[in-house]
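Q: Going by our numbering, 49 is the number at position 33 of the sequence shown; the sequence numbering is gapless.
Note that these hints are calculated values from the structure, not bench results.
Treat the hints with caution; some may be incorrect.
[As the list claims (entries may be wrong)] Calculated lysine-lysine pairs in the BS3-like style (CA-CA distance at most 30 Å, straight line):
#1 LYS203 <-> LYS82
#2 LYS203 <-> LYS214
#3 LYS117 <-> LYS246
#4 LYS82 <-> LYS96
#5 LYS246 <-> LYS96
#6 LYS204 <-> LYS67
#7 LYS67 <-> LYS203
#8 LYS94 <-> LYS67
#9 LYS247 <-> LYS214
#10 LYS214 <-> LYS204
#11 LYS247 <-> LYS204
#12 LYS117 <-> LYS214
#13 LYS117 <-> LYS82
#14 LYS218 <-> LYS204
#15 LYS67 <-> LYS247
#16 LYS92 <-> LYS247
#17 LYS204 <-> LYS94
#18 LYS203 <-> LYS246
#19 LYS92 <-> LYS67
#20 LYS218 <-> LYS203
#21 LYS96 <-> LYS247
All figures in this text were calculated on a predicted structure; none of them were measured in a lab.
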Amino acid sequence: MNLFNDPSDSEVEPLSEELIPLAPRLEARITETDFDGLLSPPLRLHEDLTKGCGGQIWPAGNLLAKYVLRNYDIEKLKGKRAVELGAGGGLVGLAMASAFKDSRMELYITDQEPMMDLMRRNAELNNSTVRVELLNWGEPLPACVVSSPVDIVLAADCVYFEPAFPLLEQTLIDLVTEDTLVLFCFKKRRRADLRFMKSINKRLQVTEVTDYPEYEECSRESIFLYSMRKKEI
C-alpha cells in the first residue's frame, strides 16, 4: 500500500477515532515468545505499563523482530553496529541479540528515562549483552552511539505522538550515514501518522518492504514496514 499517495492526512481527525474504547490495561507479567518458531530459546520479557505504553509488546514490534530473524544471519551481522530507537522493553533488539549473539555485533537498545529500568531488567532476564542507553529524540546522540557509523537502525511503533514527530525525524537524520539501513515498522492509528511518513520521505529514501509472509494480513491491520536510506544526490 502506497501511503504517500493517501490523501487522508488532513488536519481534522475523524470523530469516530475519538470514540474507540481503550484496550483493557495490561497487568505486569513475564511473557515468553519464540516469534512463531524463529527463535530458540524463546525470548522472555517483562511487560509492564507502569512507566508508559512502551512496556507492552505491540504487533509492529513483533513483525519487525520476525523480519530481522528471517532476513539476517551471523555472517551478515558480523562486526555491525545496530541501534533500536524507542525500544520500550527492548523486544526487537533483544531478539536480534539473542539470535545472532555469535556475530559480535554492537547493539544498543535505547529509549527515554522511564523505560531504562524495564530495558535493563529484560536484558538481565535474557542474559543479553545488548547495551542499554538513554536516547531522547531530537537531542544530541550519545557519544557511544555515534563513536562509529551505525549500520542498522530499528524502530517499531515510534509513530504515535504527533508532537514528537519532528524530534524522531531529526534523530533519524542524525543517525543515517551513507551505508545505514533503517527498518521502520508502525501501525497507522491516526491520519496524522501519514504526515510523519511524508515528511521523512522528503529527507530519506523510503521504500515499502513487502517480502514477508504476513504482508497481506498486516496491511489489512494497517501495519507497515519500510526501509529508509540516505538519499542519493
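Q: Are there hints from earlier that the structure breaks, and if so, what are their numbers?
A: 8, 12, 15, 17, 19
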